[in-house]
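The two chains are supplied separately, each in an independent frame; assemble them into the complex guided by the hints.
Keeping their order, the protein sequence lines are chains E and B.
Sequential numbering of the first sequence, starting at 1, is according to this note's numbering.
Sequential numbering of the second sequence, starting at 1, is according to this note's numbering.
Calculated from the structure, these hints are not laboratory results.
Take every hint as true, because none was put in to throw you off.
Here are the simulated lysine-lysine pairs, DSSO-like style, with alpha carbons at most 27 angstroms apart:
id	chain 1	residue 1	chain 2	residue 2
1	E	Lys-467	B	Lys-107
2	E	Lys-396	B	Lys-50
3	E	Lys-451	B	Lys-106
4	E	Lys-318	E	Lys-293
5	E	Lys-467	B	Lys-106
6	B	Lys-121	B	Lys-107
7	E	Lys-422	B	Lys-50
8	B	Lys-51	E	Lys-396
9	E	Lys-422	B	Lys-136
10	E	Lys-451	B	Lys-124
11	E	Lys-451	B	Lys-107
12	B	Lys-193	B	Lys-126
13	B	Lys-136	E	Lys-451
14	E	Lys-467	B	Lys-112
15	E	Lys-451	B	Lys-150
16	B	Lys-51	E	Lys-422
Coverage of chain B stretches by chain E, computed from C-beta distances (three or more under 8 angstroms per stretch; other residues unrestricted):
id	stretch
17	46 to 58
18	64 to 73
19	87 to 94
20	102 to 115
The beta-carbon is built from N, C-alpha and C at its ideal position, and this holds for glycine as well.
Residue-level listing of the chains:
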Amino acid sequence: MRDKQIEDLKDYKYGFSTDIENFKAPKGLNEDVIKFISNIKKEPKWLLDWRLKAFERLKVLKEPDWQKPKYPKIDYQDLYYYSAPKSFKDKPKSLDELDPKLLETYQKLGIPLNEQKRLNGIAVDAVFDSVSVATTFKETLTKQGIIFCSISEAVQKHPELVKKYLGTVIPLTDHFFATLNSAVFTDGSFVYIPPGVRCPMELSTYFRINASDTGQFERTLIIADKGSYVSYLEGCTAPMRDENQLHAANVELIALDDAEIKYSTVQNWYPGDKDGKGGIYNFVTKRGLCKGKNSKISWTQVETGSAITWKYPSCILKGDNSIGEFYSIAITNNHQKADTGTKMIHLGKNTKSKIISKGISAGFSDMTYRGLVDISPKATNSNNFTQCDSLLMGNKCGAHTVPYIKNKNSDSNIAHEATTSKISEEQLHYCQQRGLNPEEAVGLIVNGFCKEVLQQLPMEFAVEAQKLVGISLEGSVG
Amino acid sequence: MLKINNLSAKIDNKSILQDFKLEINPGEVHAIMGPNGSGKSTLSNILSGKKGYDVTGEVLFENNDLFSLETEERAHKGIFLAFQYPLEIPGVNTNVFLKTSLNAIKKARGEKELDAIQFLKLVKEKAKELKFDEEKLGRQLNVGFSGGEKKKNEILQMSILNPKLSILDETDSGLDIDALKTVADGVNALRKKNNSFLIITHYQRLLEYIKPDFVHVLMSGKIIKSGGPELALELEKKGYENIN
Numbered sequence: 001m002r003d004k005q006i007e008d009l010k011d012y013k014y015g016f017s018t019d020i021e022n023f024k025a026p027k028g029l030n031e032d033v034i035k036f037i038s039n040i041k042k043e044p045k046w047l048l049d050w051r052l053k054a055f056e057r058l059k060v061l062k063e064p065d066w067q068k069p070k071y072p073k074i075d076y077q078d079l080y081y082y083s084a085p086k087s088f089k090d091k092p093k094s095l096d097e098l099d100p101k102l103l104e105t106y107q108k109l110g111i112p113l114n115e116q117k118r119l120n121g122i123a124v125d126a127v128f129d130s131v132s133v134a135t136t137f138k139e140t141l142t143k144q145g146i147i148f149c150s151i152s153e154a155v156q157k158h159p160e161l162v163k164k165y166l167g168t169v170i171p172l173t174d175h176f177f178a179t180l181n182s183a184v185f186t187d188g189s190f191v192y193i194p195p196g197v198r199c200p201m202e203l204s205t206y207f208r209i210n211a212s213d214t215g216q217f218e219r220t221l222i223i224a225d226k227g228s229y230v231s232y233l234e235g236c237t238a239p240m241r242d243e244n245q246l247h248a249a250n251v252e253l254i255a256l257d258d259a260e261i262k263y264s265t266v267q268n269w270y271p272g273d274k275d276g277k278g279g280i281y282n283f284v285t286k287r288g289l290c291k292g293k294n295s296k297i298s299w300t301q302v303e304t305g306s307a308i309t310w311k312y313p314s315c316i317l318k319g320d321n322s323i324g325e326f327y328s329i330a331i332t333n334n335h336q337k338a339d340t341g342t343k344m345i346h347l348g349k350n351t352k353s354k355i356i357s358k359g360i361s362a363g364f365s366d367m368t369y370r371g372l373v374d375i376s377p378k379a380t381n382s383n384n385f386t387q388c389d390s391l392l393m394g395n396k397c398g399a400h401t402v403p404y405i406k407n408k409n410s411d412s413n414i415a416h417e418a419t420t421s422k423i424s425e426e427q428l429h430y431c432q433q434r435g436l437n438p439e440e441a442v443g444l445i446v447n448g449f450c451k452e453v454l455q456q457l458p459m460e461f462a463v464e465a466q467k468l469v470g471i472s473l474e475g476s477v478g
Numbered sequence: 001m002l003k004i005n006n007l008s009a010k011i012d013n014k015s016i017l018q019d020f021k022l023e024i025n026p027g028e029v030h031a032i033m034g035p036n037g038s039g040k041s042t043l044s045n046i047l048s049g050k051k052g053y054d055v056t057g058e059v060l061f062e063n064n065d066l067f068s069l070e071t072e073e074r075a076h077k078g079i080f081l082a083f084q085y086p087l088e089i090p091g092v093n094t095n096v097f098l099k100t101s102l103n104a105i106k107k108a109r110g111e112k113e114l115d116a117i118q119f120l121k122l123v124k125e126k127a128k129e130l131k132f133d134e135e136k137l138g139r140q141l142n143v144g145f146s147g148g149e150k151k152k153n154e155i156l157q158m159s160i161l162n163p164k165l166s167i168l169d170e171t172d173s174g175l176d177i178d179a180l181k182t183v184a185d186g187v188n189a190l191r192k193k194n195n196s197f198l199i200i201t202h203y204q205r206l207l208e209y210i211k212p213d214f215v216h217v218l219m220s221g222k223i224i225k226s227g228g229p230e231l232a233l234e235l236e237k238k239g240y241e242n243i244n
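Excised from the complex, chain B in its bound form (with noise of 0.2 angstroms):
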């Protein structure tokens, strides 16, 4: 589904990523665990197409070229990024937000476009799922909502878009122990479709929610480590310092 080979990138003539490699298939879920600085966030932005980036090597995602493609035609295609940061937008309701997000891709991809009835009733349908309050739907996107609040609309957007690749940027970073069962129960619930999932996260307590079928540990842009979700725990003991 997803191949990267060789890619390198630079911000302001600055290494980030070096020689980075990577596979993932469908239904596969791929954890990324690195320190401050790693390069995990670089990694999520070019993913996503987030312009400022000079980058070099090849990204395929379903055989396409990832480079040649703007940042809604990779959403279009089903690559989905749970925010690290979810960003305001003052003035647009949650649900029209949602609502326009989810038409525009089905629209892209030449599906029929829901009505607000059907909308919204998926939408209260993923909302009880999620156990995402509601009343927030009505509210202006991300605006006074907490942090844990911001994360778990980023899982519902994912829950409704339903993505191929979902990429989950630090999403348990800040998140109580409630919140991050929530987040892991959307992620399950996806992942049962055949779904594939990167997870991007500085520790391994997520993972105790959702298996991760690989765990690679980057450090200064390269992956120095790839194995099995006993790589989290081992991690966890040795912290990154010691791992090799």
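Isolated chain E, as found in the complex (with noise of 0.2 angstroms):
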């Protein structure tokens, strides 16, 4: 079998394992596979031996087992690790020429794809299973410099921003799962944001994994130079499936001398069944650089979705008066398991870094917050403020908060509160007398409990978040 798929490979014009609507590497991990990848995205020679040399550094990595949440062993031979809808080994030029079935998904998905979007001012570079389908805003952004397209477009146009600044924040030895990803990544978005410009609109993708057994690797790369801002927001969907699906992206933020980058995430992938059943493995590598001085990243998070999530996006702060920020809603309801938070690494002087974490929990679910914030020696003057509180719902499920802190500098301080409550009976029988069913009332209650995270969103997804967060916990009360 392996042979063949091998022998597949060579004569890989012809010879991938297709089906009716998809176009994918034979199973398995292996040297020949993300040969495969390079040469179908028609990568440069370094680009490639980048990739192996990660693989090379995969093989005597071991997969962390310190999370809170266990997970079946994962076989990573099983796994298919490029796939792509079959209409793009043409690839199209504009919306017009794509499959109009794709176009469909999107709309059902409420993705703001076409010309009726276009008044939300959101550009939106939307990647379906591995391969981008669309940029849309190319010409507006274009006109002011500003690069949005995909990784791949990136590597053929823009071979020396991608080369100077892949793999600067996530090396290629971080840890098992980023570095799979290294080896392995398909596509994800690319901006680049020149000197002194304010992105005009909000730059948002939106990630969707479709075929069975596909892991999705993307990798994304945002570069703020020099007194420069943007805001980008990712959302992510994924249809239902009993099996699970692993998701493993790495997402690189670089801000250089006084450029602001803010990035807002709404992760809704399958959670599973009411018994845990399926559901997609959100193991994410998130982490920002804030490489100039006066620099900022702020993360804010709402995830809702996924059997399990396992991230913490991070800042480096490594210019001076430099701030990182990370706003989070983790929601778990059924049996969802949630293990996130944040690292905030303080090497600059007067740095500074905020955390604001709410986590939910309902049902069976488990949640942990684990966050890291380490002032370094030379980190004079910096400050970290935490604050983490949890609601539980029902008395079956679980919340855990987990804070290391490293402060290596006198000059420097901080504060770290939490909290942990219930919705109470009376409140709910507050609203339920203002006439408010009792989901209704649960709604109210936890969107004015992630209140303080839900304000950073931008404006349009806000709205989409606090329903989400409504209906995230439906079932979870009477």
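So, in structure tokens, the structure goes:
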């Protein structure tokens, strides 16, 4: 079987394991598959070498196992690492050439892809399985020198930028899932904002896992050059499937002097059914580097989906006076599990970080906030403020807070506040007496609990996120 | 409007209300007075739909069996409870809460919901009438409010929701004289429109400002005496012990 697949690879023009809808690399993780991916993307040699180096490193890395949610062993040889809708063999040149079925899917997802959505001022780079489907608003952005395209396209058209920054925040050798991503990443978004430019619209990517047995490995790279600003939103959904699917993305952000990046995520991957069957393993590495002085990186995440969410969007505050922020809402219901938080690494002087985390657990779910605040000896006059609040619904779920605090500079300080509370019967009764049904009441109370974080989201998405918060907790009361 | 027949209630096997009877007609104001532990709050809890009680008997609200209705359905039909201890809901703006509440009720009734502008006009008007500090409307619901402000907020909600039957559970306790008058003004303004009230209180003080049509004395889960407004004065003089 394996031999046959390799045979197929050699003759990849015709021999791909294709079915009606998808165009896949053979199953399994090996050098040939990596070469296949690199080849089909017509990548330069340096990138293939880079991938292979990651793969070499991967061989000696072990999957981490310190996290709270455990999961059955993943057979990495039983996954597909490349899957594209078949119609992509001849890449569409414009939206009009797209398979109408794809467009329909995006419509169902409510993704602002076509003209009518232009009014919303959102530029979208949509990723359907492994290929970037369409990039809109390119012209408007191009005029200002902004580059917003798929990372595959960036490799072709802006290799110098990709080469300069790729892997500089999440190195090849980082950890198992990040290194796996480096070896096999398929597509993702690339953003470059030139010096002094304030990106005039929200940039947005919607990821969607469609094909079964497919791991999705996106790679996103965002560079804000000196004095620039960009706000980026990532939204995720996946269809229902019985088996678990792995999602191991890498996101790297780089902010140069006086630049600011605001990165918001609304993650609504399929969480599995009520009994915990199926769902996405969302094992994602997100890291931002405040490379220049006075730079700022702000992460906002609303995590409501996935069977297991395991991620720590982090900031490395290297530039003096740089600022890192992390605003998080994580909701787990039924049998979902989450182990999420952030890392704030203070290296420069006068660096500041702020962490606001709101965890809500219901049903049989389990939620852990895990965070690191590390102030290095040179980070004089730096400070961190952390607030972790947990809200429990029912008495079969769990909430845990695991803060790691390292302060190696006596001029710097760290403040940590944490609360755990429950929605009381009295609060519910009060809301119901005012005409709200139990689910509306929970939605209202939970939205109140999350308010500080919801306020951080761009307007259009705050409304969506508010609804999502309500929907995620459906069935958790009464 | 409201008919209570032979209502008995237990909690953890402890009997609280026994064969309780009461009938309230449209436009009437009934006051229930009684000492601590007589079952006053249990009555308001049961009428509003709070869970945890074993109840027998019958309660009809406009000929609907109240026990077959969920708490929110009772609210949709026009029952309002001003809570003895109004709840705090952190992060939820008072205005947002009020608007959500009003629109949930309107929606359930098949009426047109108010948009933000219409709502703000209504809430500002009512707040002014009740001398409710407008600045508080923008604050988190009841968070950091004084006892009096919380009670006034209940009356503000009542006047916005315009319920057919309002139950005031010791709304007067802990209020200074100005706040007491404000509460009474709120009730009296609604009273003109033929709305009914069940006012639960320890003291007759509130009844100086809201003239009840009927006064009932509740002792050990039963109404032991009913009468007109003069009964409240008699109670004040004699005390609960000697009312029989």
